[in-house]
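Enquirer: Take a look at the letters that make up each chain.
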Amino acid sequence: MTEHSAPPNLGPQGHDLQIGPVGRFLRATELDTRMLGMVGALLLIWLGFHLYGVLVNGEGVFLTPRNLWNLSVQTSVTGIMATGMVLVIITRNIDLSVGSIVGVTGMIMGILQVNILPQYLGLGHPAIWVITVIVGIICGMIIGAFHGWLIAYRGIPSFIVTLGGLLVWRGAAFLTADGKTISPVDTTFALLGGGPYGSVGATGSWIVGILGCAAILWVLARGRAARRKHGFAVREIWAEAVLAALGCGALIGAVLLVNAYPWPKGIVEAYAKANNLTVPEGGLFISHGFAIPVLILAAVGIAMTILMTRTRFGRYVFAIGGNPEAAALAGINTRWMTMKIFALMGMLAGLAAVVASARLNSATNALGDLEELYVIASAVVGGTSLAGGIGTIYGAIIGALVMQSLQTGMVLIGYGDGSYRKVVVGVALVLAVYLDNLYRKKIK
Amino acid sequence: MAQTGTPLVEMRDISIAFGGIKAVDHVTIDLYPGEVVGLLGHNGAGKSTLIKCLSGAYKADSGTILINGEPVEIDNPRDARAQNIETIYQTLALADNLDAASNLFLGRELVGPGGMLNDAAMEAETRKIMGRLNPNFRKFNVPVSALSGGQRQSVAIARAVYFNAKILIMDEPTAALGPHETQMVSELIQELKAQGLGIFLIEHDIHNVMKLCDRASVMKNGQLVGTVKVDEVTDEDILGMIIMGKKPARAA
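If you're matching them up, the sequences are chains A and B in order.
For the first sequence, the numbering used here begins at 1 and goes up steadily by one.
For the second sequence, the numbering used here begins at 445 and goes up steadily by one.
Isolated chain A (complex conformation):
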């Protein structure tokens, strides 16, 4: 407690001369080793399924543009909700009701766009899908906010409130249309679920890819400038270059991948007929490009990452998870925060219902059944700690990808029977959490 003020320490934290080249590389690039581990595990799973296919079935079908494109679409519903579940779990709560919220909001949207809106606007009116999506998201938000209110202001444990919600909203989903399936949905709405028409094509994908690369470079440059300004140690320039190359490389790789998956022949012919095109001799190669649900997931992931890392809201979510009492003493309104977090979770469930029902081209009362378990599993596999305070958005998305890869992979290698899939997914969940525990102990 001396009067003089010492200059801030400008050097890197804690020198450790006994590290190898890998350690030096990780330190220089400041890459999250946990994330690298997860990506590594994901690639191993992919490679494993592919090689199993090659060796046992004589044909590897996992690492094909077609399968990986499908995988990306199948991941989006779980992934969208997993990003919200991260916040719920970080603040030491749980939401078991998200699957049922998907069901009930899906039914509400189905009735709205098929039975109600066409009466007033006419069938196929361009505003139908917009109104439907907004209503669906708002319904999800209201349900979530109600759960949050019961938890935060009425002191009922989140496990109980959302377990009740799981039953109530699944029942409500049945009651909205007496168990009837509503199909088909509005044609524009259906594009939000993906498919050949619900994808942005080769050019669109390149635009997305280039914008994404520009954003990666901008984020890196801006981070460097901010560190410079305050005199903190900056990454070495080669490390920045490696990061930029990795980020942009992965993105461009994804663009090449989705553009390598062509429309099926039947769709191409129908499309050519409708547009008075003649299909040339060898067939017409029309790329899928990124599916719209995947872009929705990407947008949600980016927005949620910004929310969690760059805003007060996110900071408070972590603070509440780390020490609820300290958060309250710091003047954070923890109850209002809890209510907002559940409302946000509800909104994302509503959005997931949009994608799920659009993909199915129908609304059924079973939509999202058991989805809450996969959502929670994705967040946890992605490194969200059930003890609270720890979790990342990208982790949850990678977690969703891992879970979906296991399910898809089992089908592709010939174990399409649901029982095997369940066994594998269940084992993977427990194993992932166990490995994560080991990892956390080791870095401590």
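Bear in mind the hints are in silico, worked out from the structure with no lab data behind them.
Ideal placement from N, C-alpha and C gives every residue a C-beta, glycine not left out.
Any given hint could turn out to be false.
Claimed, not checked - Which chain B residues stay away from chain A? Per the calculated CB distances, all over 12 Å, these:
hint, residue
1, Lys466
2, His470
3, Val481
4, Gly488
5, Asp540
6, Glu567
7, Ser592
8, Lys655
9, Gly670
10, Pro692
Unchecked claim - Some, not all, of what chain A presents toward chain B, calculated at C-beta under 7 Å:
hint, residue
11, Arg310
12, Arg312
13, Leu329
14, Ala330
15, Gly331
16, Ile332
Since chain A is already given, all that's left is putting chain B on it; use the hints.
Expert: Then chain B, alone, in the frame of chain A:
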């Protein structure tokens, strides 16, 4: 130290009960600028509860709080902070999963354009204040769970000092510290006192009380036994107040 004019803080006739148990029972204490008032008593005497009414963690059932002679409403920690009241809690009240800068600015983050957190600026400010309080502190980019007891304490102290507190509440600030760090906290208290802050110090160690405090208010079973000037009594007088609940005859 000056005990003239308007007190910086006056907590007048404060009562608060939890489920029929009177944790604080019609207690009145005050604090002048540049003064350290020790709050003493057994565990459960009501010291921490009383002080939490000032820091906004609890709301008193009855009584008034005056800051510079003006009655103020303190309903939550934000109200207390707005009155330049800062608290160092016994538990430190740190979010273990966040780093030093995030804890220091918790609830009062520096934001840039668009309301985005300015983490670099917060870290720079944290480095400045820690350079003054604890020059050996280096661990700016790790969660505070990775810090030692003394380092955690210095983060909690930095948080109270950084925001220009006029009234500082310290709840057993040296309970978890070694001798060297205890000495550092003592020096800090002297320094802040010299700057004209008023400090409420909850303390069990009678020697620290005799050394650091100007006055001591003793509580027992939720009630105020009395307030004495430390240099007019012996440590045995104060112990008598704590244990017996009796005010020494010769103290005014």
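Enquirer: Give a verdict on every hint.
Expert: So, going through the hints one by one against the coordinates:
With a least beta-carbon separation of about 23 Å from chain A, B/Lys466 lies farther than 12 Å from that chain, consistent with its non-interface assignment. Every CB of chain A lies more than 12 Å from the CB of B/His470, the least distance being 26 Å, so the non-interface label holds. Every C-beta of chain A lies more than 12 Å from that of B/Val481, the closest at about 21 Å, which supports listing it as non-interface. Residue placement check: B/Gly488 keeps its beta carbon more than 12 Å from all beta carbons of chain A (closest about 19 Å).
The claim that B/Asp540 is not at the interface with chain A is violated, since a C-beta of that chain comes within 12 Å of its own (minimum 5 Å). Remark: the non-interface label on B/Glu567 conflicts with the geometry, its nearest Cβ contact in chain A lying 7 Å away (cut-off 12 Å). Every Cβ of chain A is farther than 12 Å from the Cβ of B/Ser592; the closest lies at roughly 14 Å, confirming the non-interface assignment. For B/Lys655, the non-interface assignment is confirmed: its Cβ lies about 15 Å from the closest Cβ of chain A, beyond the 12 Å cut-off.
Here B/Gly670 stays apart from chain A, with its beta-carbon at least about 30 Å from theirs, past the 12 Å limit. Separation of B/Pro692 from chain A is adequate, the least Cβ-Cβ distance of about 33 Å exceeding the 12 Å criterion. Taking 7 Å as the C-beta contact cut-off toward chain B, the hint placing A/Arg310 at the interface holds, the least distance being around 5 Å. For A/Arg312, the shortest C-beta to C-beta distance to chain B is roughly 5 Å, which falls under 7 Å, so the interface hint holds.
For A/Leu329, the shortest C-beta to C-beta distance to chain B is roughly 5 Å, which falls under 7 Å, so the interface hint holds. Among the interface hints, the one on A/Ala330 holds; its C-beta lies about 4 Å from the nearest C-beta in chain B, closer than the 7 Å criterion. Annotation: A/Gly331 was flagged as interfacial toward chain B, and the flag holds, the nearest CB pair being 4 Å apart, inside 7 Å. Given the 7 Å rule on beta carbons, the hint for A/Ile332 holds: about 6 Å separates it from the nearest Cβ of chain B.
The structure shown violates the earlier hints numbered 5 and 6.
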